[in-house]
Amino acid sequence: VSIRAVLGEDSYLAREGIQRALDEETDIELVAICEDLESLRAAIDEVQPDVVLTDIRMPPTNTDEGIRLAIELRSSHPDIGVVVLSQYADPLYAMKLLEASSDRRAYLLKERVQDHGELSRAVSAVAAGGSVVDPRIVEELLRAQRQRESSQLDDLTPREQEVLGLVAEGLSNAAIAERLVITKRAVERHVHAIFWKLSLDGDSHDVSRRVKAALLYLAGQAG
Amino acid sequence: MATALTSGAVQRQRRQPRTFVLPAVAAVGIAAMAATAWTIAKSQTLVWPTEMAFWNAATGLAWIGAGIFIWRGRPTSPMGPLAAGYGFAYVGYALSASTDRLEFTLGMTAWAATIVASAYVYLAVPNGRLESRLERWFMATFALCAAGLWLGILAVSQVLPAAGVEIECATRCPHNAIQLVSGHTGVGRALATALALVLALLAIGVAMFVFSKARSPSRLRRRTMTPLAVGVILEVIAFVSQLILPPVYPGAKQAVLIATYLAGLAIPAALLLGLASGRAFAARSLGRIAMSASETPMTPVAVQDLIRDALADPTLVLALWSPERSGYLDGHGAPIELPSHDDPQRTAIRLTRDGSPLAALIYDPALDRDPEFVVALGGTTLMMLENARLVEELRDSRARTAESAQRERLRVERDLHDGAQQRLMAIQMKLSLAERRASDAGLSGRLEEIRTETVEAIDELRALAHGIYPSALHDGGLADGLRSLAMRSTVPISVNDEGIGRCAGAVELDIYFCTMEAVQNASRHAGPGARIKITLGRDPQGVHFQIADDGVGMDTRAVAEGMGLLSMRDRVGAVGGELQIISSPGHGTIVRGTVPDGGSEGPSQADHDEARSTARFVRSPDAPVDPGGAGLRSRGTARSGEATATPASIAEGAR
Numbered sequence: 012v013s014i015r016a017v018l019g020e021d022s023y024l025a026r027e028g029i030q031r032a033l034d035e036e037t038d039i040e041l042v043a044i045c046e047d048l049e050s051l052r053a054a055i056d057e058v059q060p061d062v063v064l065t066d067i068r069m070p071p072t073n074t075d076e077g078i079r080l081a082i083e084l085r086s087s088h089p090d091i092g093v094v095v096l097s098q099y100a101d102p103l104y105a106m107k108l109l110e111a112s113s114d115r116r117a118y119l120l121k122e123r124v125q126d127h128g129e130l131s132r133a134v135s136a137v138a139a140g141g142s143v144v145d146p147r148i149v150e151e152l153l154r155a156q157r158q159r160e161s162s163q164l165d166d167l168t169p170r171e172q173e174v175l176g177l178v179a180e181g182l183s184n185a186a187i188a189e190r191l192v193i194t195k196r197a198v199e200r201h202v203h204a205i206f207w208k209l210s211l212d213g214d215s216h217d218v219s220r221r222v223k224a225a226l227l228y229l230a231g232q233a234g
Numbered sequence: 103m104a105t106a107l108t109s110g111a112v113q114r115q116r117r118q119p120r121t122f123v124l125p126a127v128a129a130v131g132i133a134a135m136a137a138t139a140w141t142i143a144k145s146q147t148l149v150w151p152t153e154m155a156f157w158n159a160a161t162g163l164a165w166i167g168a169g170i171f172i173w174r175g176r177p178t179s180p181m182g183p184l185a186a187g188y189g190f191a192y193v194g195y196a197l198s199a200s201t202d203r204l205e206f207t208l209g210m211t212a213w214a215a216t217i218v219a220s221a222y223v224y225l226a227v228p229n230g231r232l233e234s235r236l237e238r239w240f241m242a243t244f245a246l247c248a249a250g251l252w253l254g255i256l257a258v259s260q261v262l263p264a265a266g267v268e269i270e271c272a273t274r275c276p277h278n279a280i281q282l283v284s285g286h287t288g289v290g291r292a293l294a295t296a297l298a299l300v301l302a303l304l305a306i307g308v309a310m311f312v313f314s315k316a317r318s319p320s321r322l323r324r325r326t327m328t329p330l331a332v333g334v335i336l337e338v339i340a341f342v343s344q345l346i347l348p349p350v351y352p353g354a355k356q357a358v359l360i361a362t363y364l365a366g367l368a369i370p371a372a373l374l375l376g377l378a379s380g381r382a383f384a385a386r387s388l389g390r391i392a393m394s395a396s397e398t399p400m401t402p403v404a405v406q407d408l409i410r411d412a413l414a415d416p417t418l419v420l421a422l423w424s425p426e427r428s429g430y431l432d433g434h435g436a437p438i439e440l441p442s443h444d445d446p447q448r449t450a451i452r453l454t455r456d457g458s459p460l461a462a463l464i465y466d467p468a469l470d471r472d473p474e475f476v477v478a479l480g481g482t483t484l485m486m487l488e489n490a491r492l493v494e495e496l497r498d499s500r501a502r503t504a505e506s507a508q509r510e511r512l513r514v515e516r517d518l519h520d521g522a523q524q525r526l527m528a529i530q531m532k533l534s535l536a537e538r539r540a541s542d543a544g545l546s547g548r549l550e551e552i553r554t555e556t557v558e559a560i561d562e563l564r565a566l567a568h569g570i571y572p573s574a575l576h577d578g579g580l581a582d583g584l585r586s587l588a589m590r591s592t593v594p595i596s597v598n599d600e601g602i603g604r605c606a607g608a609v610e611l612d613i614y615f616c617t618m619e620a621v622q623n624a625s626r627h628a629g630p631g632a633r634i635k636i637t638l639g640r641d642p643q644g645v646h647f648q649i650a651d652d653g654v655g656m657d658t659r660a661v662a663e664g665m666g667l668l669s670m671r672d673r674v675g676a677v678g679g680e681l682q683i684i685s686s687p688g689h690g691t692i693v694r695g696t697v698p699d700g701g702s703e704g705p706s707q708a709d710h711d712e713a714r715s716t717a718r719f720v721r722s723p724d725a726p727v728d729p730g731g732a733g734l735r736s737r738g739t740a741r742s743g744e745a746t747a748t749p750a751s752i753a754e755g756a757r
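Chains as they are written, first to last, in our numbering: chain A, 12 to 234; chain B, 103 to 757.
No lab work stands behind these hints, which were simulated from the structure alone.
Glycine residues also receive a C-beta, built at the ideal position from the N, C-alpha and C atoms.
Among these hints, one or two may not hold up.
Stated by the list, open to error - Quick list of the computed label-pair ranges, beta carbon to beta carbon:
{"id": "1", "chain 1": "A", "residue 1": "Ala-53", "chain 2": "B", "residue 2": "Leu-566", "range": "33 to 39 Å"}
{"id": "2", "chain 1": "A", "residue 1": "Arg-31", "chain 2": "B", "residue 2": "Asn-598", "range": "44 to 50 Å"}
{"id": "3", "chain 1": "A", "residue 1": "Asp-34", "chain 2": "B", "residue 2": "Gly-603", "range": "40 to 46 Å"}
{"id": "4", "chain 1": "B", "residue 1": "Glu-558", "chain 2": "A", "residue 2": "Ala-197", "range": "44 to 50 Å"}
{"id": "5", "chain 1": "A", "residue 1": "Ala-53", "chain 2": "B", "residue 2": "Asp-542", "range": "44 to 50 Å"}
{"id": "6", "chain 1": "A", "residue 1": "Asp-34", "chain 2": "B", "residue 2": "Asn-598", "range": "45 to 51 Å"}
{"id": "7", "chain 1": "A", "residue 1": "Arg-31", "chain 2": "B", "residue 2": "Val-514", "range": "27 to 33 Å"}
{"id": "8", "chain 1": "A", "residue 1": "Arg-31", "chain 2": "B", "residue 2": "Ser-669", "range": "43 to 49 Å"}
{"id": "9", "chain 1": "B", "residue 1": "Ile-552", "chain 2": "A", "residue 2": "Ala-197", "range": "49 to 55 Å"}
Start from the sequences, fold in the hints, and give me the full structure.
The structure is reproduced here in structure tokens:
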């Protein structure tokens, strides 16, 4: 069974490139191509795709339509996977995309589209419920973290690594406690230890700390 | 009420009395007083003819002299003629020295009238007229009462009431010449008592009015009125005591007489003293305005405060002309009427530029006594308003520069992303396709090499575009922009944005770059292990931002304007804000700034459209060029009318 995908992209050149890259994939079927947010929303409602591929910036406001759509779909169509194709290597967009949960979400830079099936891997991953973050984004984060002279993932205990993996999956503390059969307080302790070891304890947003931790974990997996 | 005051040529034409008038008044005054003194001195009825002759002539001359002096300094004010005219009233005393019954009766009538007239003169200080309806009502009531009682006395009394100690003739005074009915001695005595009471009340009332004026909120008025208030109160005490004391202690008569005349002589002196003191105060105030004008940021309200402060007149108003409403507005933008011509409490001077109204000063007419001062005050005010206008224009111009810089940055960023970057991506995709289809392994390897380089070029281009205008800042505002900055910083940064939302694009951009500069400084100089805390906030004053580190700190005096501090100040200054750097060795560094909030809408839709249309231009060179900058042009036009304005003049006052 092939994966049914719709594409939202306002640039002609990028549309051509993405279409051509997906043409070569036998298991991905591009069923609709849209040029702005409104028609993309309509197409999603009409064809009920498995995966939405979207640019970040699109008409009408040319700001962060793609990210907002991905967040919207989380509640309106929870089963649809979203691959955001971005021209920005700013980790903030990736963080916003994964803020609620990293399930079924991928953040790829556009130049990755032709990279040895990178795009089709991301499409397959989100269709299967997984998550992909462009290595360039993680590199961006890691470069800053590395220079902070502080320990990284290696410093985490096996248990903490396990907890971080579940955080990266988008699980709440309560869900992690249930999964690992430990108390919620124990999970909180682990999470705080992780934040501290990853130098994330200075950040005021708990959500963004979780997402950053997740990104770092995903980066570790990717590397 | 206002004087005709203008600058330059017109000022010299102000209405001076003709050159011979004042000397003539002086000459006639001296002659009249000499004649009066001679007549009184020869009197056969008065008890102390020589003393009376001397004091009367001296007091009359003092008033005439003071009147001439004021007349010369304030040619348009009725105060001078009024004071001089009052001096001439002392001629009437000559008649009361007569042995002739009719002359004596007229002399006594003149005495009573002079008492009432003196009340009017005191109330008319400093502007030569009664200022309030209450004063006019008071004066009219007492004048009518006194006149009625006097006519009654003339009709029924054989012996006119003793005029205190001033006209002391023991029992030698001639009798009433125009007595109509006789046999009502009791009624006459009652009327005389009533008259004494009315005159005493009049004197006390006048003293109260003068005293209350001397407590005016305007310091100029206080200066002018205080000596007079002291003099009048002394005279009232003397006057009342001469009504009361002599009948009880006949021996005190001569002492009371001297005290009364001394007090009477003190009044014209006090009048001159007050006016001179006010004048000196005004001159000092002008100096003070000029001094502090350079220290205060100039706005019309600040100018008004400055003048109020210097003149210590909280009632002064600087009204600005509004061409849209064809009227004057006060500092709060509320319409304000200039005082009418005959308003004795307020007067106005209009300030014009190129013949069109610019502003008006509404002030206490006491200032008019010194026309040069008012002209100088007007000139100083104009200068400060010009200064304020220039400051405002500079601020607007900086704001426009910041806005257009922000638009340009956005346009370049969009050009790079939507133009060059997209093209490079297309090239990279085509290379990838070609690479896979190439049969020759060598060619395929070459193509891969080129493709890798293209990807590196895309990366560099992206970094360049990000440096020009971070997309997170543009899309999500300061909170997102700074969070993105924090995520990639080599120093741990926490961001507390307090949900400030969006600000004007130029404000966001300049705060962002200023913060980035501060963060870079901190990561370079704060030392190992330092952390940075960024705090954003908003209140009615504007947007506040603070970058605090817990590093080693620095001596702010030693680094002065190094370390990018100057460029931070310039950035914040460009959007009208202020920057403060607090640091000392060992205590970290705090960079704190406030920027007035130009608007909370964030970069407008027009920004996007504009940026987009230019981006399209890059992709297809034959598309029409976006004109852009419409907002800028219309603002420029709105101001150009003022920008051409040149020399200023002070035009006719409110008369």
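Here is how each hint holds up against the structure:
1. Ala-53(A) with Leu-566(B): 33 to 39 Å: holds (36 Å)
2. Arg-31(A) with Asn-598(B): 44 to 50 Å: holds (46 Å)
3. Asp-34(A) with Gly-603(B): 40 to 46 Å: Given range 40 to 46 Å: holds, Cβ gap about 44 Å.
4. Glu-558(B) with Ala-197(A): 44 to 50 Å: holds (46 Å)
5. Ala-53(A) with Asp-542(B): 44 to 50 Å: holds (46 Å)
6. Asp-34(A) with Asn-598(B): 45 to 51 Å: holds (48 Å)
7. Arg-31(A) with Val-514(B): 27 to 33 Å: For Val-514(B) against Arg-31(A), whose Cβ atoms are near 30 Å apart, the range 27 to 33 Å holds.
8. Arg-31(A) with Ser-669(B): 43 to 49 Å: Given range 43 to 49 Å: holds, Cβ gap about 46 Å.
9. Ile-552(B) with Ala-197(A): 49 to 55 Å: holds (54 Å)
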